[in-house]
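**Q** Take a look at the letters that make up each chain.
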Amino acid sequence: DQQVKQNSPSLSVQEGRISILNCDYTNSMFDYFLWYKKYPAEGPTFLISISSIKDKNEDGRFTVFLNKSAKHLSLHIVPSQPGDSAVYFCAASAREAGNMLTFGGGTRLMVKP
Amino acid sequence: NAGVMQNPRHLVRRRGQEARLRCSPMKGHSHVYWYRQLPEEGLKFMVYLQKENIIDESGMPKERFSAEFPKEGPSILRIQQVVRGDSAAYFCASSDRENYGYTFGSGTRLTVV
Chain A
1 DQQVKQNSPS LSVQEGRISI LNCDYTNSMF DYFLWYKKYP AEGPTFLISI SSIKDKNEDG
61 RFTVFLNKSA KHLSLHIVPS QPGDSAVYFC AASAREAGNM LTFGGGTRLM VKP
Chain B
1 NAGVMQNPRH LVRRRGQEAR LRCSPMKGHS HVYWYRQLPE EGLKFMVYLQ KENIIDESGM
61 PKERFSAEFP KEGPSILRIQ QVVRGDSAAY FCASSDRENY GYTFGSGTRL TVV
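Chains as they are written, first to last, in this note's numbering: chain A, 1 to 113; chain B, 1 to 113.
Read the hints as simulated data drawn from the structure, not as lab findings. Ideal Cβ placement from N, Cα and C applies to all residues, glycine included. Any given hint could turn out to be false.
[Stated by the list, open to error] Computed footprint of chain A on chain B; a stretch qualifies when at least three of its residues, placed anywhere within it, have a C-beta under 8 angstroms from a C-beta of chain A:
| hint | segment |
| --- | --- |
| 1 | 10-17 |
| 2 | 43-51 |
| 3 | 86-97 |
[Unchecked claim] When the alpha-carbon atoms are kept at most 16 angstroms apart in a straight line, the in silico EDC-like pairs for lysine to aspartate or glutamate are as follows:
| hint | chain 1 | residue 1 | chain 2 | residue 2 |
| --- | --- | --- | --- | --- |
| 4 | A | 37 | B | 41 |
| 5 | A | 5 | B | 40 |
| 6 | A | 71 | A | 31 |
| 7 | B | 44 | B | 86 |
| 8 | A | 5 | B | 41 |
| 9 | A | 68 | A | 15 |
| 10 | B | 27 | B | 96 |
| 11 | A | 54 | A | 31 |
| 12 | A | 68 | A | 24 |
[Unchecked claim] A few chain B residues facing chain A, derived, Cβ under 10 angstroms:
| hint | residue |
| --- | --- |
| 13 | 3 |
| 14 | 6 |
| 15 | 31 |
| 16 | 40 |
| 17 | 56 |
| 18 | 58 |
| 19 | 59 |
| 20 | 65 |
| 21 | 109 |
Extracted from the complex, chain B is given alone in its bound form (with noise of 0.2 angstroms):
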């Protein structure tokens, strides 16, 4: 069974371009979470979402920031327009609703130059 997979594990953009994200979540598991950890940093909830719903975006910046967890598919963080600001370790994480113990991914590190 394998755990959330994350993909890619490094990404680098230059300012301006589109980083896309992605998240397969545990077999079973129909809950997605994205976090993003800035530099010395705790993790900070950005989205919660189910099959082709977004529950809570709470933590989403306003602009530029999208998600979706299609019905087929991993869910895709999406950030346009890339500033220096955005670089960050985003980690996905699945569930199964019964509980809280999340499965985290490895993360995806992004960096912006």
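Chain A with its partners taken away, still in its complex shape (with noise of 0.2 angstroms):
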């Protein structure tokens, strides 16, 4: 039972047009959301992250984006650098079940320059 989802594999942008990245889960205890980045042979890093009391949080080029009626965040990227070419991972966590992550199964992003 997949309870975070990202349903596209892979994603390909033009340098400096805009990158966004979905995420859908079904647990409706998640609160707390976060976008993590990865590149080959290394460990992801944390990229942003929302509270489900908001529905938008910005960090430069980065904004999360929360729909909690739709179960739905989405990772805009703006304007897309070719070194922003990674794997991002959508995660989730439940104040009851602790620090622990739930992942979502990554989506390819490539930017083209």
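Two chains, two separate frames, one set of hints: put the complex together.
**A** Here it is as structure tokens:
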């Protein structure tokens, strides 16, 4: 039972354009959501997070949007840069589960110069 | 301030051997998490430990897998009698309890031949 899903395994975007990565979840107990970026042969790196009491959080070129009624979140990267090419993982946690994260399967983003 | 250190980076074991994966958390972090990433999949939670205590091992296979985080020294994930299906990347993360921004290590890639 996949509680966090990233339905697009890959995404290709032109440099300078917007990248939109999507994530859906099923567990209504999730109250904190995170995005991680991962390069090959490295560990995931924390990018940005959002609490369920908010619907938007912005950090530089990265913005995360949360739609609780749809159980959907998205990561927007504007403008996209070739160095953004990586695998992006969405993750979610529930306060009652402590700090355990449930990850989606990842989306591979390729930003073309 | 060194990040989360995992060693070895690559580990090759024959079927039936034991694999020991080590993780030293970031300085000041007393919470350690182990995740496993199978090929083409997202990260799956295995176990959450604090010093000398296993807090949540709901993601650990019931047999052959064990984890510890002793008072002194690194956290150890131990896999006995490895099988080919254990081949994966094993990531350790640490955190300060007050935030969800895990810091991941670079992982240990286990190959069972």
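**Q** Which earlier hints turn out false for this structure, listed by number in ascending order?
**A** 1, 9 and 20
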